[in-house]
Amino acid sequence: MSLPTFKLLRPRTVEEAVGMLHRYQDEIQICAGGTDLIPSMKQRLFSPKYLMDIRGIEGLERIRVTPGLGVELGALTTLTAVEDSGFIHKHYPVLHEAVKTVASPILRNMGTMGGNICLDTRCLWYNQSLQWRKSCGFCIKKDGDLCHVAPGGKKCWAAFSADTPAALLCLSAEVNIASPSGFRRVAIADLYTNDGVNRIKIAKNEMITSIYLPESSAGYSGAYKKLRIRGSIDYPLAGVAVALKRKGNIVEDAKVAITGVNPAPHLVPDALHALAGREVNEHSAMVVGELASRVAKPLTTSLLTPEYRREMVRVFTKRAVMAAAGAEFSI
Amino acid sequence: MKKELIELKVNGRRHEVAIEPSKLLLDTLREDLGLTGSKRGCDDSSCGACTIQVDGTPMLSCTMVAASYQCDNGAHEITTVEGVAEHGALAAIQKAYGDWGGSQCGFCTPGFMMTVRALLQRNPEPSDEDIRHSLSGNLCRCTGYTQMYQAIKAAILAEQKGMARGNERTEEE
Ligand SMILES: Cc1cc2nc3c(=O)[nH]c(=O)nc-3n(C[C@H](O)[C@H](O)[C@H](O)COP(=O)(O)OP(=O)(O)OC[C@H]3O[C@@H](n4cnc5c(N)ncnc54)[C@H](O)[C@@H]3O)c2cc1C
Ligand code: SF4
Ligand code: FES
Ligand code: FES
Chain A
1 MSLPTFKLLR
11 PRTVEEAVGM
21 LHRYQDEIQI
31 CAGGTDLIPS
41 MKQRLFSPKY
51 LMDIRGIEGL
61 ERIRVTPGLG
71 VELGALTTLT
81 AVEDSGFIHK
91 HYPVLHEAVK
101 TVASPILRNM
111 GTMGGNICLD
121 TRCLWYNQSL
131 QWRKSCGFCI
141 KKDGDLCHVA
151 PGGKKCWAAF
161 SADTPAALLC
171 LSAEVNIASP
181 SGFRRVAIAD
191 LYTNDGVNRI
201 KIAKNEMITS
211 IYLPESSAGY
221 SGAYKKLRIR
231 GSIDYPLAGV
241 AVALKRKGNI
251 VEDAKVAITG
261 VNPAPHLVPD
271 ALHALAGREV
281 NEHSAMVVGE
291 LASRVAKPLT
301 TSLLTPEYRR
311 EMVRVFTKRA
321 VMAAAGAEFS
331 I
Chain B
1 MKKELIELKV
11 NGRRHEVAIE
21 PSKLLLDTLR
31 EDLGLTGSKR
41 GCDDSSCGAC
51 TIQVDGTPML
61 SCTMVAASYQ
71 CDNGAHEITT
81 VEGVAEHGAL
91 AAIQKAYGDW
101 GGSQCGFCTP
111 GFMMTVRALL
121 QRNPEPSDED
131 IRHSLSGNLC
141 RCTGYTQMYQ
151 AIKAAILAEQ
161 KGMARGNERT
171 EEE
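Each protein sequence line maps, in turn, to chains A and B. Everything in the first sequence is counted per our numbering, starting at 1 for the first residue and increasing by one. Everything in the second sequence is counted per our numbering, starting at 1 for the first residue and increasing by one.
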C-alpha cells in the first residue's frame with residue numbers, strides 16, 4: 001500500500017525542527033525510525049501534510065555517560081544501539097532486558113528510543129485499515145464518537161504498548177523536551193496521561209531530544225517479562241519491569257512498573273513496601289504480583305482476554321521479581 | 001503531489017529518480033530502478049521480505065520513505081539482493097541456499113539473504129543462537145527454516161575454508 005501524500009521536511013538542527021513544528025502544528029508529524037508511524041500512515045490513521053524526518057539532526061544518536069550524573073541517551077539512539085551497549089547492560093540491566101524484547105532485530109535497527117517513548121496507543125478497533133474501520137464504525141480515537149471496547153463511555157482505553165517505558169519508570173528516567181522557548185526536563189513518571197487519545201504530555205511544537213538515566217539508578221538488578229502472541233516480534237499485551245537494589249540478600253529499594261495493559265505505563269505503588277528489608281522469596285514476589293495486577297486494567301483492546309492479561313501481569317510480576325533477585329522459581 | 005528529483009546510491013551506483021516525496025523505498029526500488037528482488041510480503045512491517053541494507057544494517061524498505069534515504073555525504077549506501085553477488089558470481093550464501101534447498105517458493109529469500117549477509121559481515125562465526133536471533137524478524141511462509149540453517153552453516157564453512165570460488169569450480173570440473 002502506498003502512503004498518503006505529504007511534503008517531506010528534513011531539518012538538520014533541533015532549532016530548525018522545533019521551528020517547523022511551531023509553524024505547522026496540526027499539519028505536521030515527527031518521523032524518527034518510522035516503524036510505528038509508517039504502518040499507521042498506510043492504514044490512514046495519520047495523513048499529515050508535512051512529514052518531518054528528524055534522523056538528519058546531528059548529535060541525537062549517541063549514548064553519553066557523565067560520571068556523577070548518569071547517562072544521556074539521544075532520542076534518535078536506535079534500540080539496537082541500546083541493546084548492544086555493554087554499559088547499559090552492566091549498569092541498567094532492566095532497560096537492556098526490555099529493549100531486546102521490542103519488535104524484531106530488524107525493527108530495532110530502525111526504531112528509536114524517542115519513538116518508543118512516544119509510541120501511539122494500540123487497540124484491536126484502531127490498528128486496522130481504513131476499509132476495516134469504516135465497515136465496523138469509526139471510534140473515538142479516530143474519526144468517530146463511540147468506543148467499541150467500553151460502549152457508552154467517552155474515554156478511549158487503547159493500551160500503551162511500548163516496552164522500554166516500563167523499564168525507564170523503574171530507573172526514574174527523565175526526558176529532555178525541546179520547544180521554541182527552550183528546553184524542559186520531565187520525569188517519565190509525569191509524561192503520560194492515561195488517556196488513549198492524547199496519550200502524552202508533549203505539546204504540538206515540542207519534541208524529545210534525549211533521555212536521562214540517573215546515576216543513582218545504576219547498579220540495580222533488573223528483569224523484564226512480556227506477554228505477546230508471536231514470540232519473535234509482537235507488541236506487549238502485558239509487560240512487567242522490575243529493578244531491585246539489595247544489600248546482601250536484603251532488599252533496600254524496589255521499583256516495579258507495568259505496560260501494555262492500560263493507556264499509560266504505571267509504577268506499582270507499594271511494591272517497595274512489600275519487599276523492603278527482607279529477602280525476596282516466592283511469597284513476597286507473589287504479593288507484589290497481586291499489587292501489580294490491581295494496577296492493571298486491561299479491556300478488550302487485543303485478541304487476548306482482559307482476564308488473561310491481568311492474570312499474566314500477576315504471574316509475570318512474580319517471575320520478574322524472582323528473576324531480578326536471581327532466585328529460583330517454580331512457576 | 002509533484003515529483004521531485006532525488007539521488008539514491010544503490011548497489012554501489014548513483015541513480016537519479018523523479019518520485020513523489022511520499023513514495024516508499026520498496027516501490028522506488030521495484031518500479032523506478034527495476035530492482036524487483038526485494039519483495040512486498042506483509043506490507044505491515046512484520047515479515048522481512050522487503051529487507052535491504054542501509055550502510056550495512058538490515059532495514060525494512062516497506063517502512064521507509066525513499067526521499068529520506070537520499071545519498072548525503074557518503075551516508076545511505078543501499079544494498080539490495082541484486083548487489084549481493086560478487087563480480088558476477090554467486091556469493092557463498094547464495095550458492096549454499098541453492099545447494100541446501102534454502103528456498104522453496106523463494107519469496108522470502110531476498111529478505112533472508114540481506115539479513116544473513118549482515119549477520120555474517122558483523123559476526124563471521126555466529127552460534128546457532130546468534131543465527132536464530134538475527135533471523136527472527138524474517139518469516140518464511142513455506143517454513144523451510146531447517147534447510148536455511150543448514151545453508152547458512154555451509155556458507156560459513158565455505159568462507160572459513162577460504163574456498164575461493166575458482167578452486168571450487170576446478171574441483172567440480
Ligand atoms: C511488527 C511490529 C512489531 C512491533 N513490536 C513492538 C514491541 O514489541 N514493543 C514496542 O515497544 N514497540 C514495538 N513496535 C513499535 C516500534 O518498532 C518501536 O516502538 C520503535 O521504538 C518506535 O520508534 P520509531 O523511531 O520507529 O518511531 P516512529 O514511528 O518514528 O514514531 C512513533 C511516534 O513517536 C513520535 N516521535 C518519534 N520520535 C519523537 C521525538 N523525538 N519527539 C517527539 N515525538 C516523537 C512520532 O511522531 C510518532 O507518533 C513494533 C512495530 C512493528 C511494525
Ligand atoms: S478503546 Fe475504544 S475508542 Fe479507543 S481505540 Fe479502542 S475502540 Fe476506539
Ligand atoms: S513487506 Fe516489509 S516487512 Fe513485510
Ligand atoms: S521459501 Fe516460500 S516464503 Fe520462504
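Check before you lean on any hint, since a few could be wrong.
As the list claims (entries may be wrong) - Within a straight-line C-alpha distance of at most 30 Å, the following computed DSS-like cross-link-like pairs (lysine-lysine) qualify:
1) A/Lys-49 - A/Lys-142
2) A/Lys-7 - B/Lys-153
3) A/Lys-7 - B/Lys-95
4) A/Lys-297 - A/Lys-49
5) B/Lys-9 - A/Lys-7
6) A/Lys-154 - A/Lys-142
7) A/Lys-100 - A/Lys-134
8) B/Lys-9 - A/Lys-142
9) A/Lys-154 - A/Lys-134
10) A/Lys-204 - B/Lys-9
11) A/Lys-204 - A/Lys-245
12) B/Lys-2 - A/Lys-204
13) A/Lys-204 - A/Lys-7
14) A/Lys-90 - A/Lys-142
15) A/Lys-154 - A/Lys-245
16) A/Lys-49 - A/Lys-245
17) A/Lys-100 - B/Lys-153
18) A/Lys-245 - A/Lys-155
19) B/Lys-9 - A/Lys-49
20) A/Lys-204 - A/Lys-154
21) A/Lys-49 - B/Lys-153
22) A/Lys-201 - A/Lys-297
23) A/Lys-297 - A/Lys-134
24) A/Lys-7 - A/Lys-154
25) A/Lys-7 - A/Lys-100
26) A/Lys-155 - A/Lys-142
27) A/Lys-90 - A/Lys-155
28) A/Lys-155 - A/Lys-201
29) B/Lys-3 - B/Lys-95
30) B/Lys-95 - A/Lys-49
Claimed, not checked - Only some residues are given here: those of chain A computed to face chain B with a beta carbon under 8 Å:
31) Thr-5
32) Gly-34
33) Ile-38
34) Pro-39
35) Gly-59
36) Arg-62
37) Met-110
38) Thr-193
39) Ser-216
40) Arg-228
Because the hints were derived from the structure by calculation, they are not lab data. Every residue gets a Cβ at the ideal spot worked out from N, C-alpha and C, and that includes glycine.
Okay, the hints, checked on the actual structure:
1. A/Lys-49 - A/Lys-142: Status holds; Cα separation ~17 Å.
2. A/Lys-7 - B/Lys-153: 46 Å, violated
3. A/Lys-7 - B/Lys-95: 43 Å, violated
4. A/Lys-297 - A/Lys-49: Violated, at about 36 Å.
5. B/Lys-9 - A/Lys-7: 22 Å, holds
6. A/Lys-154 - A/Lys-142: 13 Å, holds
7. A/Lys-100 - A/Lys-134: 36 Å, violated
8. B/Lys-9 - A/Lys-142: Violated, at roughly 38 Å.
9. A/Lys-154 - A/Lys-134: 19 Å, holds
10. A/Lys-204 - B/Lys-9: With a Cα-Cα distance of about 34 Å, the restraint between A/Lys-204 and B/Lys-9 is violated, given a limit of 30 Å.
11. A/Lys-204 - A/Lys-245: Violated, at about 38 Å.
12. B/Lys-2 - A/Lys-204: 27 Å, holds
13. A/Lys-204 - A/Lys-7: 18 Å, holds
14. A/Lys-90 - A/Lys-142: Outside the cut-off at roughly 42 Å; violated.
15. A/Lys-154 - A/Lys-245: At roughly 41 Å apart (the allowed maximum being 30 Å), A/Lys-245 and A/Lys-154 break the hint.
16. A/Lys-49 - A/Lys-245: The hint is violated at about 48 Å.
17. A/Lys-100 - B/Lys-153: Distance of about 25 Å is within 30 Å: holds.
18. A/Lys-245 - A/Lys-155: 38 Å, violated
19. B/Lys-9 - A/Lys-49: 27 Å, holds
20. A/Lys-204 - A/Lys-154: Holds - the C-alpha atoms of A/Lys-154 and A/Lys-204 are around 23 Å apart, at most 30 Å.
21. A/Lys-49 - B/Lys-153: 48 Å, violated
22. A/Lys-201 - A/Lys-297: 21 Å, holds
23. A/Lys-297 - A/Lys-134: 28 Å, holds
24. A/Lys-7 - A/Lys-154: 34 Å, violated
25. A/Lys-7 - A/Lys-100: Cα-Cα ~34 Å, so violated.
26. A/Lys-155 - A/Lys-142: 12 Å, holds
27. A/Lys-90 - A/Lys-155: 41 Å, violated
28. A/Lys-155 - A/Lys-201: Holds, at roughly 17 Å.
29. B/Lys-3 - B/Lys-95: 40 Å, violated
30. B/Lys-95 - A/Lys-49: Answer violated: B/Lys-95 to A/Lys-49 is near 46 Å, above 30 Å.
31. Thr-5: 4 Å, holds
32. Gly-34: Result: holds, 6 Å to nearest chain B Cβ.
33. Ile-38: 5 Å, holds
34. Pro-39: With a minimum Cβ separation of about 5 Å from chain B (threshold 8 Å), the hint on A/Pro-39 holds.
35. Gly-59: A/Gly-59 check fails; min Cβ-Cβ to chain B is 15 Å, beyond 8 Å.
36. Arg-62: Violated, about 16 Å.
37. Met-110: With a minimum Cβ separation of about 5 Å from chain B (threshold 8 Å), the hint on A/Met-110 holds.
38. Thr-193: Since chain B brings no Cβ nearer than about 27 Å to A/Thr-193, farther than 8 Å, the hint is violated.
39. Ser-216: 33 Å, violated
40. Arg-228: 12 Å, violated
Of the numbered hints stated above, those contradicted by the structure are hints 2, 3, 4, 7, 8, 10, 11, 14, 15, 16, 18, 21, 24, 25, 27, 29, 30, 35, 36, 38, 39, 40, listed in ascending order.
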